[in-house]
Amino acid sequence: MNRHIKVKEYLDIICSQIRYKKIHAEICEEIENHINDQIEAFKAQGDNDETATIKAIEQMGDPVVIGTELDRVHRPKPEWSIIVLTFLLLAAGNFLRFFTSPQESNGLELYYKQLIFTAIGFALMVLCYYVDFTLIGKYPKLIFLSLFIFTILIIVISNPVHGRFVYASYLLLLFPVAFAGIVYSMRNKGYWGIIFCGMCFGVSFIISLTVPSATSCILLALSCLLILTAAILKNWFAVKKFYALLLIYLPALTFLSILFSTKVYRKRLKIALFPSIDPTGAGYIENIIREILSGANFIGQGILPKSYNGISVSQLLPDINSDHLLTYTIHRFGWIAFIIITVLLSVLIIRSIILCFKQKSALAFLVSTAATTTIAMQSLFYIVANLGFQIFSPLSLPLISQSSSYLLINMCLIGILLSVFRTGYFIKDKNDNNRGSKKASANSFLRFEDGKLIIDFNIHNFTPQ
Amino acid sequence: MAIDKSLMAGSTTMLILKLLEDKDMYGYQMIEQLSKMSNNAFTLKAGTLYPLLHSLEQQGMVTSYDDNADSGRVRKYYSITKKGRRLLADKKAEWENYVSAVNQVLQGGALLEPAY
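Top to bottom, those sequences are chains A and B. Take any residue in the first sequence, count from 1 to its spot, add 120: that is its number in our numbering. Number 14 in our numbering belongs to position 28 of the second sequence; there are no gaps in the numbering.
To be clear, the hints were calculated from the coordinates, so they are not data collected in a lab. Please note that the accuracy of each hint is not assured.
Derived BS3-like pairs (lysine-lysine); straight-line CA-CA distance at most 30 Å [claimed, not checked]:
#1 K258(A) to K62(B)
#2 K175(A) to K68(B)
#3 K354(A) to K68(B)
Coverage of chain B stretches by chain A, computed from C-beta distances (three or more under 8 Å per stretch; other residues unrestricted) [what the hints assert, rightly or not]:
#4 2 to 14
#5 26 to 33
#6 39 to 46
#7 58 to 64
Cβ-Cβ distance ranges computed for the label pairs, FRET-style [claimed, not checked]:
#8 I474(A) to R72(B): 13 to 23 Å
#9 D439(A) to Q45(B): 38 to 48 Å
#10 I133(A) to A79(B): 38 to 48 Å
#11 K197(A) to T49(B): 37 to 47 Å
Where a beta carbon is used, it is the ideal one built from N, C-alpha and C, also for glycine.
Kindly produce the complete structure, drawing on both the sequences and the hints.
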């Protein structure tokens, strides 16, 4: 149906009041449908085209008032719960490191460095918040490729610390989000789409092996698996869900079972569960952690076993500022501090998960799921390790433990989350037969989809401007 | 007979939720249905309806989805959620209280007991 000039004017006035531009098309479509229904009704009563249109528009009400009302409803809003929790966690981290830093060599220096990086991280968060996350959906391959090349470059030019390219290992945490963009771009691409996603995961996995970082490897694998699973369950690839799940879980489970059946990992698993079988070797740290925790109080400083007479925890436990901050915290302040920290983190993560599921657009859902998973898994690995089960060595306790680089990455992830939660709720992916896929299908008169030959006369593809 | 707008303002949310209680509808359908059900007493303007629907959706009282209507046009349908049903029940109770109070006053008020 051609749009009447009066209808166009009417819609334009409404949209001119709505500051959030991404919602314009959707609102226009809904209102225009309404006007068209009304026109049909008036025509059925005997009015001609022109009269029916004018009457229908009059019936709608003042466009400025509607536009203003809709603007109020659809104005992007910051997600305060996440912002407040972020600041609480940052404050908690600073408070705890205020105690641990003086006990570490160059700890104070790192403490002040982290303060400066908190400010930089905050700026980064604000930047990610204002930069529209839909960019990830617009240029998914470019973003993934840039991240890939940048990480490779870092590996090439940086010097490994203790045999590990640490700077590259930080960047690994951005791969799940970039991967979410790739999954998004593979909509309706069938099994090949899934395989392409698998290949992109493969290259990021190889990088994590090169770094090498076992924890990042697992984090990456689990996040990507989760994102793919979510996409398949939402029928994103337009294939049979069962076969699609088989396609990703079969290789994933095979790989994991091979990994855990190797001697190295079997031993690591055994040590993680029962460190006392090798208390001076591989199970050394876990053993110490467990002994420290066994003497911890609910509130207040714990006591060390008698055998450590005269030795302080900071002498006993390495990295109390970074890798083992939580263990130290439990010893120094009691389990109550552990409960507070884990509750704060859990609330942040659960709140994010709830908001992820509220997202209507697949892009918003996938990106926020990726960012949330990355934060959640870091927290989980860290907490488990600090309780004396070091299956995977800890990366960082998001926003809390000492590491300026992880802090920046996590602030970035939170910025992306905030950007999604700020606007993503309104953004919608469209079905194939209307404007969402217009670009893809507008030019193709003949298409082959799901075993059907589709001849498209392009009559549905009008886009409100 | 049409009803004064200000009288309707407070109860529109309740009426919209009531309409969606039985089946999913799109905006135009809701206005038509409301008008029919009230013997043309309620003429809800589209300009009131859509901002209200969108904010109800944001609050999680209703959800929306696109579907092809009979005419082949894609329509945005609204569907009431559990939370929406609870709100409807609350609003109904509040409304009944209000109506009975107004009626009582209009009928000369409850017999006032002496205050001592």
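Here is how each hint holds up against the structure:
1. K258(A) to K62(B): 25 Å, holds
2. K175(A) to K68(B): 37 Å, violated
3. K354(A) to K68(B): 22 Å, holds
4. 2 to 14: holds (count 3)
5. 26 to 33: This one holds; 3 residues, not fewer than the three required, reach chain A with a Cβ under 8 Å.
6. 39 to 46: It holds, with 4 qualifying residues against the three required.
7. 58 to 64: holds (count 4)
8. I474(A) to R72(B): 13 to 23 Å: With a Cβ separation near 18 Å, I474(A) and R72(B) satisfy 13 to 23 Å, so the hint holds.
9. D439(A) to Q45(B): 38 to 48 Å: Given range 38 to 48 Å: holds, Cβ gap about 46 Å.
10. I133(A) to A79(B): 38 to 48 Å: 40 Å, holds
11. K197(A) to T49(B): 37 to 47 Å: Since K197(A) and T49(B) have Cβ atoms about 19 Å apart, the given range 37 to 47 Å is violated.
When held up to the earlier numbered hints, the structure conflicts with 2, 11 and fits the remainder.
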